[in-house]
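Participant: What follows is the residue order along each chain.
Protein chains: 2
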Amino acid sequence: MHGYDKYAFEPFAVTVDLAVLTLRADALHVLLVERGQEPYAGRWALPGGFLLPDESAEAAARRELAEETGLADVGALHLEQLRTYSEPGRDPRMRVVSVAFAALLPDPPEPHGGGDADEARWVPYAEARDLAFDHDRILADARERVGAKLEYTCLATAFCLAEFTLGELQQVYERVWGTALDRPNFRRKVLATPGLVEPVPGAARLTGGRGKPAALYRAGPATTLHPPLLRTPREGRPA
Amino acid sequence: MHGYDKYAFEPFAVTVDLAVLTLRADALHVLLVERGQEPYAGRWALPGGFLLPDESAEAAARRELAEETGLADVGALHLEQLRTYSEPGRDPRMRVVSVAFAALLPDPPEPHGGGDADEARWVPYAEARDLAFDHDRILADARERVGAKLEYTCLATAFCLAEFTLGELQQVYERVWGTALDRPNFRRKVLATPGLVEPVPGAARLTGGRGKPAALYRAGPATTLHPPLLRTPREGRPA
DNA sequence: CCCTTAATAGTCACCTGGACTATAAAGGGG
DNA sequence: CCCCTTTATAGTCCAGGTGACTATTAAGGG
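Top to bottom, those sequences are chains A and B.
So in our numbering, spot 186 of the first sequence is number 186, and the numbers just go up one at a time.
To get our numbering, take the position in the second sequence, counting from 1, and add 1000.
FYI, nobody ran anything at the bench for these hints, they're computed from the structure.
Predicted model, so just to flag it, every value in this text is computed and none were measured.
Backbone N, C-alpha and C fix where the C-beta goes; we use that ideal spot for every residue, glycine too.
Not everything, but these chain A residues come out facing chain B in the computed CB check (under 8 Å):
1. Leu51
2. Pro53
3. Glu55
4. Ser56
5. Thr84
6. Glu87
7. Arg95
8. Leu230
Generate coordinates for the entire structure from the input sequences, incorporating the hints supplied.
Facilitator: Next comes the structure, spelled out in structure tokens:
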């Protein structure tokens, strides 16, 4: 960070890559775009794009997110920087340094191939394999990071709408972790954590389900979970 | 990540910034360099530098680390990518995107201003304030990340030499977290965690201390702590 | 020779969390 | 219409982890 004037330096292309995650049909899905040109033509890839000259990586990520999903209120979404991928050769055409983000969406809108002609689609996480570039690794890192943050932060509510049931919140954990949780214990833990959720004054959900209607909750003011909600390290490979 | 050929893109200067942390005289210290030129001339800054054309950010970080510390076995040190800082204007001269790393050293060698003419020094973390650029924030992020990873990983041994006592390991936690831990409870927890530490076959440390000699341990094969060693969220601001 | 210092051993109570059973409140099919 | 399934909610029991604390051992120093 010192001695700029004494050294020549190489300019790099800087991009953002987005792992946009959501729960759709009770399974974790990721937003992918189909590449129309070489390299990796016909392969699926994470959405992304170049940084504009006067834009931070976070701003670029939100801009790309809005373009790809067509959502208006992108500012409210949870966006989290994962890490930066800078290996030479990760793009065969040129040297590209890419800042990767994970974005969490509650209600998945049908994507429209916004700024780009490439088709965008929600793909189940389990089927999102053999992506272009190093996007397999970025996607895996995104899921691992989100899964880890579910343990000790209130991140799970970012997958839910403004009002949700505890069953829906539990499904967030179960779908991201790929494990089943005991319902009474999950309920006890969530309600015992101060500030995690607060009940909606006078409402109970009736129409949708076939069982007893569930109470509705909102996200509370808390941001961290003390003590955390640990995923038990069981035997068996993650989904 | 698609449509390169259809868009013009801005080239950026890409650097790495290093928060090199160690325990020196029982306090957390960070390696700083004094800037000899504008901007921020005379101010302290984190060491760092530009990426070379065929080098990843991790490789650049290790190269800079070797230059600044003069250590030979930089490959063995724990190096962890923090995040990337890309706000426009963070460097008044030009647009610079910086990938920040935290490095953990066991035995602090006297730094020699290796590749650069600027003076390098170990500075107590508490006194490392008003750094150049956005390095205050990078340093704070580094400490927070390291402190958090102490909870659920075996990172603490990265601050220790190959053989260490449980008291030294406990001091890692205490100095990074800024809190005091109960010695018997810490001992019980560490020894109960399988693979965290293993005793050195037939040794006990005698010379240094004034109390009962402590047994020596090595880092074990484990990388994570299950269950974690949580810092209790007490009242009072962190040091 | 005692006093201080630090490591090690052990105790006790509380609380969390895993496993499990029971009850309540809806819809659906015969 | 009644029962059966489904889902939410309530509650119990117990093992283990951990905070707080006391006791003992083994060094060095005045």
